[in-house]
Amino acid sequence: MRHFLQERTLGPCVRVNLRILATTDLHMNILPYDYHTDRSVDGWGLSRTADLIDAARKEASNVILLDNGDCLFGSALGEGGSSDANEGTHPMIHAMNHLNYDAMNLGNHDFDQGRDTLFRAIEPAGFPVLTANADLPDTAERAGVQPYVLLRRQVQDDCGERHELTIGVIGFLPPNSLHQAQIRTSDILEAAHRYVPQMREEGADVIVALAHSGMGDEAHSPDMENVLKPLSQVAGIDALIGGHTHQIYPASCARKGGLLNGIPTVMPGFWGSHLGVIDLAVDRSEGQWSVSHGFGNLRAVSPRRKDEVPATDALESLFADLHDRTREAMKERVGEAIQPLNNYFNLVGADSATQIVQHAMLDHARMCQEALGLEDLPILAASAAFKSGGFGGPDYYTALPAGPLTQRSLSDLYMFPNSFALMRVTGAFLRNWLERSCSIFNQVLPGQKAVQLKDDGVPGYIHECVLGLTYEVDLTQPARFSPAGEIQFRDASRVCALRHNGRPVYDDDCFLMATTDYRVLGGGNYPIPDQNDIIPVAPIEIRDLLADYVANQHRVDFDTSPLWRFQPIKDASVWFRSSPEGRYVLPDYPWLDVDVLQCRDSRGFTCYELPL
Numbered sequence: 001m002r003h004f005l006q007e008r009t010l011g012p013c014v015r016v017n018l019r020i021l022a023t024t025d026l027h028m029n030i031l032p033y034d035y036h037t038d039r040s041v042d043g044w045g046l047s048r049t050a051d052l053i054d055a056a057r058k059e060a061s062n063v064i065l066l067d068n069g070d071c072l073f074g075s076a077l078g079e080g081g082s083s084d085a086n087e088g089t090h091p092m093i094h095a096m097n098h099l100n101y102d103a104m105n106l107g108n109h110d111f112d113q114g115r116d117t118l119f120r121a122i123e124p125a126g127f128p129v130l131t132a133n134a135d136l137p138d139t140a141e142r143a144g145v146q147p148y149v150l151l152r153r154q155v156q157d158d159c160g161e162r163h164e165l166t167i168g169v170i171g172f173l174p175p176n177s178l179h180q181a182q183i184r185t186s187d188i189l190e191a192a193h194r195y196v197p198q199m200r201e202e203g204a205d206v207i208v209a210l211a212h213s214g215m216g217d218e219a220h221s222p223d224m225e226n227v228l229k230p231l232s233q234v235a236g237i238d239a240l241i242g243g244h245t246h247q248i249y250p251a252s253c254a255r256k257g258g259l260l261n262g263i264p265t266v267m268p269g270f271w272g273s274h275l276g277v278i279d280l281a282v283d284r285s286e287g288q289w290s291v292s293h294g295f296g297n298l299r300a301v302s303p304r305r306k307d308e309v310p311a312t313d314a315l316e317s318l319f320a321d322l323h324d325r326t327r328e329a330m331k332e333r334v335g336e337a338i339q340p341l342n343n344y345f346n347l348v349g350a351d352s353a354t355q356i357v358q359h360a361m362l363d364h365a366r367m368c369q370e371a372l373g374l375e376d377l378p379i380l381a382a383s384a385a386f387k388s389g390g391f392g393g394p395d396y397y398t399a400l401p402a403g404p405l406t407q408r409s410l411s412d413l414y415m416f417p418n419s420f421a422l423m424r425v426t427g428a429f430l431r432n433w434l435e436r437s438c439s440i441f442n443q444v445l446p447g448q449k450a451v452q453l454k455d456d457g458v459p460g461y462i463h464e465c466v467l468g469l470t471y472e473v474d475l476t477q478p479a480r481f482s483p484a485g486e487i488q489f490r491d492a493s494r495v496c497a498l499r500h501n502g503r504p505v506y507d508d509d510c511f512l513m514a515t516t517d518y519r520v521l522g523g524g525n526y527p528i529p530d531q532n533d534i535i536p537v538a539p540i541e542i543r544d545l546l547a548d549y550v551a552n553q554h555r556v557d558f559d560t561s562p563l564w565r566f567q568p569i570k571d572a573s574v575w576f577r578s579s580p581e582g583r584y585v586l587p588d589y590p591w592l593d594v595d596v597l598q599c600r601d602s603r604g605f606t607c608y609e610l611p612l
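Under the UniProt record's numbering, the first residue of the sequence shown is numbered 1, with each subsequent residue one higher.
Hint data in this document are derived by calculation from the structure and do not stem from the laboratory. A portion of the hints provided could be inaccurate.
Okay, derived cross-link-like pairs now, EDC-like style, lysine to aspartate or glutamate, Cα gap no bigger than 20 Å in a straight line [said to hold, decoys possible]:
| # | residue 1 | residue 2 |
| --- | --- | --- |
| 1 | Lys449 | Asp571 |
| 2 | Lys454 | Asp474 |
| 3 | Lys449 | Asp595 |
| 4 | Lys570 | Glu472 |
| 5 | Lys454 | Glu486 |
| 6 | Lys454 | Asp395 |
| 7 | Lys331 | Asp34 |
Cβ pair distances, simulated, as ranges [to be verified]:
| # | residue 1 | residue 2 | range |
| --- | --- | --- | --- |
| 8 | Asp548 | Gly88 | 40 to 50 Å |
| 9 | Phe558 | Leu377 | 49 to 59 Å |
| 10 | Pro562 | Ala484 | 46 to 56 Å |
The model shown is predicted, which means the values in this text are computed figures rather than measured ones. Heads up, the beta-carbon is just placed ideally off N, CA and C, and yes, glycines get one too.
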């Protein structure tokens with residue numbers, strides 16, 4: 001393992017300074033605009049990152065620009081663009097071509113609309129598209145996907161002389177994340193050990209790893225999702241770019257930081273919030289190029305003084321028409337909500353926004369049930385709150401007032417293009433499913449006050465509840481699963497008092513449960529049902545059946561009583577972060593006994609306390 005902690009002392013040599021710029025997890029946020037709230041924003045958008053890219057390029061002679069995946073889908077602007085993939089260039093690929101990207105890695109969410117849609121979208125890319133640990137069909141090769149690329153670039157040394165430098169770029173995505181697209185994946189380190197030496201043999205002077213993966217543990221385990229720390233120890237990798245978890249690294253603004261086990265590393269946030277900048281000193285001695293030293297840092301789109309990032313309208317002009325058409329389409333009225341719909345308190349059982357989605361899924365499941373002749377089985381519906389604060393910040397929740405529901409409202413309620421799925425489940429399977437859901441919570445013992453309900457790095461959207469059941473969660477028990485979904489205490493059981501229509505649920509009871517194609521294929525490391533228990537149904541996206549439900553109901557009204565509660569624990573309480581706006585919807589949940597612990601923390605969240 002090579003460490004770049006200080007410069008080597010060399011004899012006469014040639015030095016080339018190479019700058020690597022990187023974005024990650026753009027999720028189709030080309031413009032600084034929140035289509036769910038219909039307002040401009042300051043903190044994200046590739047058009048804002050483009051200003052940083054332009055400035056960073058002007059500072060250096062030798063620059064490459066890379067993207068680390070999850071760029072194609074995830075905003076309302078992307079939905080319109082992806083549907084036109086057969087007719088023209090996907091908007092994000094168009095934007096990246098415009099900015100002259102040198103290579104792009106694939107992330108797991110780039111497969112959200114199916115592999116055929118993905119391959120059509122990337123075909124016009126004017127740069128290589130990479131993934132080294134996914135077993136892709138032949139159509140991927142025809143679309144230009146490859147494990148790695150060798151970029152042969154003319155570079156300028158410190159004395160102004162020109163040389164050819166071969167920069168190897170390799171891409172990885174999270175293992176076991178493409179069940180939905182029916183694509184097999186392999187372990188990231190296994191792929192790295194296979195391809196990195198091969199890249200060196202083929203002439204790579206410098207190797208940059210694009211890993212759509214978070215930090216993870218130092219010790220490697222097979223099929224790790226977040227693997228940056230062990231990956232940084234793979235011999236031959238000179239620079240590392242991470243992502244997937246929407247975190248930033250390095251956290252400090254120090255100019256010469258960003259070293260992970262001695263390897264220059266960046267994680268540039270999400271939605272274009274940051275630009276990753278890695279600077280490498282590459283020396284040539286005795287006919288060989290090698291990296292002498294380097295460092296990584298981040299440049300934020302929203303500095304303290306807004307005028308530090310000059311405004312540019314290049315991408316805004318390019319996508320002005322699509323932007324206007326997207327805004328107009330989202331104004332279409334679909335129906336009306338009788339009560340407010342919000343998910344500020346999803347983690348403590350109060351979530352009307354997710355419940356309306358579940359009611360729509362339940363309604364569609366009943367229609368399927370009648371057509372399939374399965375009327376003897378009770379129906380349930382499982383869903384999660386996707387907008388759940390976290391790294392998205394204190395405004396990243398769903399909050400719709402009572403009144404008109406538009407296409408914008410529906411996109412806010414359910415933001416991913418997941419499809420409806422129906423499966424036959426037993427009581428035992430349900431318990432295990434719910435154990436996975438409540439594994440995000442920390443353990444709380446009697447007498448413990450103000451225990452953090454879940455760790456900050458654990459996404460709230462892992463938590464699901466099931467409409468049609470009631471149950472309690474006993475936090476005095478250890479979690480059966482780790483937050484990442486690995487079994488850690490097989491016999492642990494937090495779920496208790498599990499009932500359907502007031503009747504206890506037994507292990508051999510049978511139900512039909514509405515969920516998504518993402519979940520039935522193990523998304524989020526949820527239990528995977530037997531193939532025979534997945535009921536064939538006509539394909540329909542959750543958002544489409546939600547629109548049908550709202551249109552048919554016209555005036556949507558339902559009981560927002562809690563589906564689950566925490567089991568009482570003597571002299572104990574938990575605290576959790578949510579939006580400051582949550583205080584104003586507490587009257588909608590009169591049974592919810594929470595107090596404000598801190599009005600606003602350093603990240604803008606309000607901290608709430610719930611007595612147990």
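Status of each hint after checking the structure:
1. At roughly 7 Å between alpha-carbon atoms, lysine 449 and aspartate 571 fall within 20 Å of each other, so this suggested pair holds.
2. For the given pair, lysine 454 sits about 14 Å from aspartate 474 by alpha-carbon distance, which is consistent with the 20 Å threshold.
3. For the proposed pair lysine 449 and aspartate 595, the alpha carbon gap of about 13 Å is at most 20 Å, so the pair holds.
4. At most 20 Å may separate the alpha-carbon atoms for a hinted pair to count; lysine 570 and glutamate 472 meet this at roughly 15 Å.
5. With a CA separation close to 17 Å, the supplied pair lysine 454 and glutamate 486 stays within the 20 Å bound.
6. Note on lysine 454 and aspartate 395: the hinted pairing holds, with a Cα-Cα distance of about 19 Å set against a maximum of 20 Å.
7. Taking the CA atoms of lysine 331 and aspartate 34, the gap is near 14 Å; set against the 20 Å cutoff, the hint holds.
8. A C-beta distance of roughly 29 Å is found between aspartate 548 and glycine 88, which places it outside the suggested range of 40 to 50 Å.
9. The hint said 49 to 59 Å for the Cβ distance between phenylalanine 558 and leucine 377, and at roughly 22 Å that hint is violated.
10. In this structure the supplied range 46 to 56 Å is violated for proline 562 paired with alanine 484, their Cβ-Cβ distance being about 27 Å.
Checked against the numbered hints above, the structure violates hints 8, 9 and 10; every other hint is satisfied.
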